[in-house]
Structure formats: C-alpha cells, structure tokens
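Student: In this text, residue positions in the sequence shown follow the numbering used here: the first is 1, and each later residue adds one.
Treat the hints as calculated values from the structure; they're not laboratory data. The model shown is predicted, which means the values in this text are computed figures rather than measured ones. Please note that a few of the clues may not be correct.
Here are the simulated lysine to aspartate or glutamate pairs, EDC-like style, with alpha carbons at most 16 Å apart [said to hold, decoys possible]:
hint, residue 1, residue 2
1, 16, 57
2, 127, 107
3, 127, 144
4, 91, 33
5, 127, 110
6, 91, 25
7, 91, 107
8, 127, 33
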Amino acid sequence: MPDAGSTAAFSFEPAKASDFERLFDIRLLAMRDSLERIGRFDPERARRRFGDGFRPEHTRLILGGGQLIGCVGFGPHDGAILLEHFYLVPKAQGHGIGAAVLRQLLDEADAAGLAVRLDVLRGSDAKRLYDRHGFVETRSDELDIYIERQPSDV
Numbered sequence: 001m002p003d004a005g006s007t008a009a010f011s012f013e014p015a016k017a018s019d020f021e022r023l024f025d026i027r028l029l030a031m032r033d034s035l036e037r038i039g040r041f042d043p044e045r046a047r048r049r050f051g052d053g054f055r056p057e058h059t060r061l062i063l064g065g066g067q068l069i070g071c072v073g074f075g076p077h078d079g080a081i082l083l084e085h086f087y088l089v090p091k092a093q094g095h096g097i098g099a100a101v102l103r104q105l106l107d108e109a110d111a112a113g114l115a116v117r118l119d120v121l122r123g124s125d126a127k128r129l130y131d132r133h134g135f136v137e138t139r140s141d142e143l144d145i146y147i148e149r150q151p152s153d154v
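The whole structure should be built from the sequences, with the hints applied where relevant.
Tutor: If you want it as structure tokens, here you go:
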C-alpha cells in the first residue's frame, strides 16, 4: 500500500453479479470492528443487507497495484446518486485511497449536477471522511446516520 503521504493510486473495474461473494468477504473484513464495537456483528444479517442493496450494474471494483482492495456502489436513486457499499480491505485503509476514490466519485456527481446520498453506521470511523468532503446529516436512526452532499459548481 502507498505511504500515507503519497498519492493514492487506484483504478476501477465494473463489478459483475458473480463478484458478490468476494465483495461480501471484503465487506465483512471492512465492517467487522465497527459492528463488533456496537454489538451488531452478525454475518448472516450482513449478508442479507449486502445482498438487498447489491446492484452490480452500479458497483465498481477498486484495484490497487492490480489487486482487488475494495468496492463501491455508485448509481442513480431518487434524483440523486446513492453511494453504498464503499469498503476497503483493512490493509488499504489509512493510506488516502478512500479519500482519492471519494474525490473521483464526487467529481463525477458534480459534473452531473447531482447530490450524493449515503448512510453511515453510527460510530463508524468513515464518518470523518465524509465530513471532510462536505456531507451533512439529513436524519438518523438507532444504527445509521443519513448524510448528503450537494453538487459543487464545476
């Protein structure tokens, strides 16, 4: 993985329905600590939740050094873009890759003039990343915080 001070290099590839299992494995690796912290780690519930929202036609594989290191769902939903299933394997976290991926996605949303919406697990470290990129809370529930970023002028 790149040094924390280096430019985070990554590329995207389109996901296929057949990628479900390996992307689910990445989700478990990425979310386990956060879910255990709040007493909600349950692999079967995680599988259902991932399966319910997995839209392969709007999912991208995130590659670093030619290796699969994560995924992100990014597609139209209710007049905005829904960002979902944004996971990086733990060894890829903390090196600027997540921020670089998010910047590229936000640039795409800005070019389309669309807001980006997502929900983040209450207590998740990822919330700080979204705060730094201009997301604001629109509502919350017991488990999730729903946030949105309006498009910037291009």
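Student: Look at each hint and say if it fits the structure.
Tutor: Structure-based check of all given hints:
This hinted pair checks out: residue 16 and residue 57 have alpha carbons roughly 7 Å apart, not beyond 16 Å. In summary, the hint linking residue 127 to residue 107 is not supported, as the alpha carbons are separated by about 19 Å, beyond the 16 Å threshold. For the given pair, residue 127 sits about 11 Å from residue 144 by alpha-carbon distance, which is consistent with the 16 Å threshold. The straight-line distance between the Cα atoms of residue 91 and residue 33 is roughly 14 Å, inside the 16 Å bound, and the hint therefore holds.
A hinted pair counts as satisfied when its Cα atoms are at most 16 Å apart, and residue 127 with residue 110 does not qualify at roughly 20 Å. For the hint linking residue 91 to residue 25, the alpha-carbon distance of about 14 Å falls within 16 Å, and the restraint holds. Restraint check: the Cα-Cα separation between residue 91 and residue 107 comes to about 26 Å, which exceeds 16 Å; the hinted pair is violated. Simply put, residue 127 and residue 33 have alpha-carbon atoms about 15 Å apart, close enough for the 16 Å limit, and the pair holds.
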